[in-house]
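Model the placement of chains A, U, E, L, G and H on the given structure of chain P, informed by the hints.
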Amino acid sequence: MTENVAEWKKNEVSEISSKIRESDVIGIVDIEGIPARQLQEMRANLRGKADLKVSRNTLLRIALNEAGVDEEFKKYIKDQAALLFSDINSFELNRIIEENKTRAPASAGDIAPSDIEVEEGPTQLQPGPVLGDLQKAGIPAEIDGGDVVIKENKVVKEEGEEIDALLADMLSKLGIEPIEVGLELKATQEDGVIFEPEALEIDEEEYRDKVVRAYQDTLKLSIEASYPTEETIGKLIQKAKTDSVKLGYEAEVLEPDILKDIISDAKKKAGSLASSLGSDFETNENE
Amino acid sequence: MEYVYAAMLLHSAEKDITEESVKNVLDSAGVEVDESRVKALISALDGVDIEEAIESAEIAPTTAPATET
Amino acid sequence: MEYVYAAMLLHSAEKDITEESVKNVLDSAGVEVDESRVKALISALDGVDIEEAIESAEIAPTTAPATET
Amino acid sequence: MEYVYAAMLLHSAEKDITEESVKNVLDSAGVEVDESRVKALISALDGVDIEEAIESAEIAPTTAPATET
Amino acid sequence: MEYVYAAMLLHSAEKDITEESVKNVLDSAGVEVDESRVKALISALDGVDIEEAIESAEIAPTTAPATET
Amino acid sequence: MEYVYAAMLLHSAEKDITEESVKNVLDSAGVEVDESRVKALISALDGVDIEEAIESAEIAPTTAPATET
Amino acid sequence: MEYVYAAMLLHSAEKDITEESVKNVLDSAGVEVDESRVKALISALDGVDIEEAIESAEIAPTTAPATET
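Taken in sequence, the protein lines are chains P, A, U, E, L, G and H. Going left to right, the first sequence walks through residues 1 to 287 as the numbering used here numbers them. Going left to right, the second sequence walks through residues 1 to 69 as the numbering used here numbers them. Going left to right, the third sequence walks through residues 1 to 69 as the numbering used here numbers them. Going left to right, the fourth sequence walks through residues 1 to 69 as the numbering used here numbers them. Going left to right, the fifth sequence walks through residues 1 to 69 as the numbering used here numbers them. Going left to right, the sixth sequence walks through residues 1 to 69 as the numbering used here numbers them. Going left to right, the seventh sequence walks through residues 1 to 69 as the numbering used here numbers them.
Okay, chain P solo, but in the shape it has when bound:
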């Protein structure tokens, strides 16, 4: 370090490194390509949950160093990086970042972040030269009853392909916003552990299933061990009753509760025998 190092840089580094020390969770995000206005919005959306700090990559690295963060973590600083400071755990932080992503129209040269599909159906567009442009852009459009309609679902750009100017224009005319705009989380650091975003994706459905399974298995154990709880006493009673009725029925124990079923069953059996004997016996008795 020379004496030429600007004072503001020193201040910036010490400000960042003290924020690093104060925060439970540090995130590194890529903000490349995010327009200033939208970055402002994101900052606002994160307020109370995380602070976003944009600075030069070199300064961020120095600050991480000074704060004593694991060397490993610094490698996630590249392109246009920014730091997130938060006290929310990495999983939730990741979720909040995902939830705050917005869609934007494509511009010429954008890369499709996922397959771009047009859907069959009417459009708001007036018939005219636009029809030819749509077709030229590979969109299956036609005139139907004075409206421009899309004939069928079609993937017009696959994930990873570049979007040309014409298609970008047509997509925006159709109101399709294929571009995802938002902070791109590169990694978080929490309690000395580094998480990459893939590790932070949580399948809530899966947890819900686990909750259900835990509940059911616990009920089963409680019933099977006949250990009564508030939740299972009713079921144990039912099981006792049901099994007793079954036994009574099977063994033809002539008790009122069971006899009813036995009679009903006897009637059914006799009835089905009667019906297999022909109409004579089906219509039966009393004459």
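If you're looking for bench data, these hints aren't it; they were derived computationally from the structure. Glycine included, C-beta positions come from ideal geometry on N, C-alpha and C. Fair warning: there could be bad hints in the mix.
As the list claims (entries may be wrong) - Calculated cross-link-like contacts (lysine-lysine; reagent style DSSO-like; alpha-carbon spacing at most 30 Å):
1. L/K39 x E/K39
2. P/K49 x H/K23
3. P/K75 x P/K101
4. A/K39 x U/K39
5. P/K186 x P/K173
6. P/K19 x P/K75
7. L/K23 x H/K15
8. L/K15 x E/K15
9. G/K39 x H/K23
10. E/K15 x L/K23
Stated by the list, open to error - In silico negatives: residues of chain P with every beta carbon more than 10 Å from chain L:
11. A44
12. K75
13. Q135
14. E152
15. I176
16. D203
17. K241
18. S244
For chains A, U, E, L, G and H alone, kept in the frame of chain P given last:
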């Protein structure tokens, strides 16, 4: 089920269902009658409306659900 | 149904179902027996597997409510 | 049902189900025991594998559902 | 299940279900009674309407038609 | 159900389920532990193969009638 | 599943499910706690309504009356 069928026969013939009559019917069929089961039957029938039980068979009939397959 | 009940009684007691035995059972129940119906019953039963007839009743028949699935 | 419950209690406690034991259990519960019902129970249970009887799903369901709604 | 059956027996005989009565019944069946399980049972039964619990069973799974009365 | 949950936790962590361990777990969760319920649990689980109990489909149906309340 | 069981225990005991409380419970069970799994659990449960999940379980899936035999 023979005890129950004896009772149902008597019921359907509109005869009284008594220990005596049930025993007679079973006897005539060559069944070795277990008196205690006859008694139990009669005593259980005391709390059962045969007509109702029969009807429940006709209404909700067989079903035997799940079992299929 | 008393003729059918008589048959079921005999069947469930594992006795032979003959004109004779059916008549006996009905008699003992105080039923005025119609010989031609007894004959008709026996002849109708000829070739019927009672067990099967009963079981087919239990599985499929009537409503077979929505219980499944 | 108390007679059947007594039997089930003994069964699930892995005790022998006899006239004696059923009577004992009912007595201790303060039930005025009807000997013929006890006899009938024992005789009905004779030769029945309780575990199997309970499991044989075929039976119970038969009647049940319909009530559903 | 013997603890539950003891309770069911008492219920069906219209007797009070208490630690005392449950223990008595189990004792009489020759069961070596675990006091804590009796307590747990009684405490779980607290506030439970057995009749209602039984009926809810009758609607759904196995048993017999809700004919009760 | 917290007592049973404690047992399931220990089971799924492959730890022994003892009065001690169950109490510890409940304690740590801030539950005011009722010793007799712990004892009852341990005694109820005695001889129960948890894996098997969970798998035994037999139970599941019983659970059905959410009617409870 | 021990992490889920820890959460369920806390839920059933009406305690807050936090990183702290889950860790405590697991610790007390002798489980070597993986902090990131605790964090994942807490964050996932943030979006899961346990009560609702349980109720939906009781009505539908549990049943599995496929017991057939």
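Consistency of the hints with the structure:
1. L/K39 x E/K39: Given pair L/K39, E/K39 is violated - Cα atoms ~33 Å apart, limit 30 Å.
2. P/K49 x H/K23: Between P/K49 and H/K23 the Cα gap is close to 23 Å, so the pair holds against 30 Å.
3. P/K75 x P/K101: 24 Å, holds
4. A/K39 x U/K39: Violated. A/K39 to U/K39 sits at ~33 Å, over the 30 Å cutoff.
5. P/K186 x P/K173: The hint is violated at about 33 Å.
6. P/K19 x P/K75: 19 Å, holds
7. L/K23 x H/K15: Violated - the C-alpha atoms of H/K15 and L/K23 are around 35 Å apart, more than 30 Å.
8. L/K15 x E/K15: Distance ~23 Å between L/K15 and E/K15 Cα, so the pair holds.
9. G/K39 x H/K23: Given pair G/K39, H/K23 holds - Cα atoms ~25 Å apart, limit 30 Å.
10. E/K15 x L/K23: Holds: E/K15 and L/K23 sit about 16 Å apart, inside 30 Å.
11. A44: Consistent with the label, P/A44 stays out of reach of chain L, its closest Cβ about 51 Å off (over 10 Å).
12. K75: 58 Å, holds
13. Q135: Fine: 60 Å to the nearest Cβ keeps P/Q135 off the interface.
14. E152: P/E152 is indeed farther than 10 Å from all Cβ atoms of chain L, at 48 Å.
15. I176: 50 Å, holds
16. D203: 32 Å, holds
17. K241: About 5 Å separates P/K241 from the closest Cβ of chain L, which leaves it inside 10 Å; violated.
18. S244: 7 Å, violated
Violated hints, listed in ascending order, are 1, 4, 5, 7, 17 and 18; each of the other numbered hints is respected by the structure.
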